[in-house]
Structures are given as C-alpha cells and as structure tokens.
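Protein chains in written order, with our numbering: chain A, 1 to 61; chain B, 1 to 224.
Among the hints, erroneous ones may be present.
[To be verified] Chain A side only, calculated, beta carbon under 7 angstroms to chain B, not exhaustive:
1. Glu31
2. Leu43
3. Asn55
Hints in this document: simulated from the structure, not taken from any laboratory.
Glycine included, each C-beta is placed from N, C-alpha and C at the ideal position.
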Amino acid sequence: MIDDTPQELLYLSLEGINIDLVISDKNQYFEVTIAKAQADNMLYSTIYPIMVYPNIKVRKE
Amino acid sequence: MHLSVVKRVDMEEVDFFQYFGFGVQELDIQVEGEFLARFLEFVNVINNSSVMQPKEPLQLEDAEVRKQQLVAKEKAQHELATTDKDKDKGKDKEKGTPKDIRVSVRERRTSQAIDKQDEIPIEWVGLELFRPSAKISAESKPLYFGVFHLNPISILLTFTPISGVRSDITISRVLNFTGAIENAPIKLKYLPPSPFRSKPQFLNVYKQHVGIGECIHAESGLHR
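Can you build the whole structure from these sequences, using the hints too?
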C-alpha cells in the first residue's frame, strides 16, 4: 500500500489462500481460508517493522 | 484465518445467513502512532477523492459516452458560432430562445473542459439520455443469522503513541473504541428467532432483553 505522498505504508503478504464458492438454487456457500497473513510496516522510522503476524506457539509434549 | 458463510439466495425480504463462522489464529499486532496517523490520513484522502468523483453513466460504455460528448461539443460550437454571428450582424434573435443560449453556453464550458482534461465531471446539459437516476435506495435489507459463530480470537495488541506528533481526534476515537470493546455487553441469544418480524416487534424484544431501549440509538457503538 502506497499513500498519496507517495510513500510505502504497508506490505501485506498472504499465504495458502483457499477460496470455495458453491452456488445452488437455494444456497450460496462461501469459504475462505488463509494459512498465514503478515503485514509489515514500511515506514523508515518504525520501531515495529512487522506489524501483524501470527503467534505460532510450539507445543512441547 | 477462516471465514465460512452459507446464505440463502431465495429470500427477498432479508439477507438470510444460515451459518456465519469466523476464526483467526492468535495474532500479535504492533502499531505505532505515526503509522496510524498516516494510515488514517490516507483513508481520508481516498474517501475525499471518492466523494469528488463524478457519477458516471454506468449503463453505457466509455466509447459511447465520449461519442456523445463530442457530438454535444460540436453542437455547442455550432450554436455558439451561430449566436455570435447573429449578434455581430445585429439580426433578430429569434433563432435561439434564451433557454437555448443558456444551454449552449453551458455546453461550451463543458466542451472547453473536455479539451483541457478528459476526466471532468460531466454537465448533463444536452445529455439527458445519460443523466443518472436521482432515485437512490437508502434502505438495505435486514440481516438474519441462523448460526453466528465467532471463534475465540486472541490478539496481543501493542500500541506506541508518539507524543507531540499528531494528536488527531480520529486516533483518540479509535483508541477509545478499542478500549471499550472489552466491556461491550453484546448478548444475542435472546434476539427474535424469526427474521420476518416487523421493526417495532424487534425493538420490543430487544428492549426486553437489554433493558434500556435508548442504547440502540447510542452513538458510542458497542458499549453504553
């Protein structure tokens, strides 16, 4: 995403996108699955370069 | 992230969702004040630009519109030339009524603007065929959810304000809203089971459930 300056604001990456759409006479079925989504803050002076990321916890058994 | 929706398509009075499910993996969100300010500023720019855009004749192709504009332009030039000629010669002005002259002047302005820039708001003088309908439906269908399933969402939000940079009202509103979500008293299980009840019936059930009827009109959103 680039603003009107123009300057980069946001970089969004999506992995494992799966979209299902089934339309019948009576119903409309819609499903979206995104395995991983991450948004990076592209401002130079940022203190949080990775703005949104999945918190994957590894379970120890 | 997972979103699943099943919607009935044979309902005309309501948008009937038999199932709506949404779930997100645990997320860490780290935002700083400068980014939020720039982002909101950019959103405002987009909103303002979308408001300023002309209402295009959606039913017709661009080529047809351009063709009609050119025809109108030629017509306007012709009428202006005729009017100027008549004026110079001091002849009677029976050829064009005052209304016709007014129209031609406005078309002239339009055609001049076309010369300067292609993406100009169209003046609908002389182009009655393309005038968009003034009737705009302001009402939307009510929504009904058979099963509304929000899976537990865990978000760790970190926000760092930057002091003295921008104390924007919008940002403080956003922060107030996010701060109030935790205490939002959303209880939906006693809402009416049928989507075909009238609005007064719905409000009665809602008041009985929530207890305070005024909260449905509260501007504060989710919290009261």
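Hint-by-hint comparison with the structure:
1. With a least beta-carbon distance of about 5 angstroms to chain B, the hint placing Glu31/A at the interface is held under the 7 angstroms criterion.
2. Below 7 angstroms, beta-carbon pairs count as interface contacts, and Leu43/A has one with chain B at about 6 angstroms; its hint therefore holds.
3. The restraint placing Asn55/A at the interface with chain B holds, with a minimum CB-CB distance near 4 angstroms, inside the 7 angstroms limit.
No hint from the list above goes unmet by this structure.
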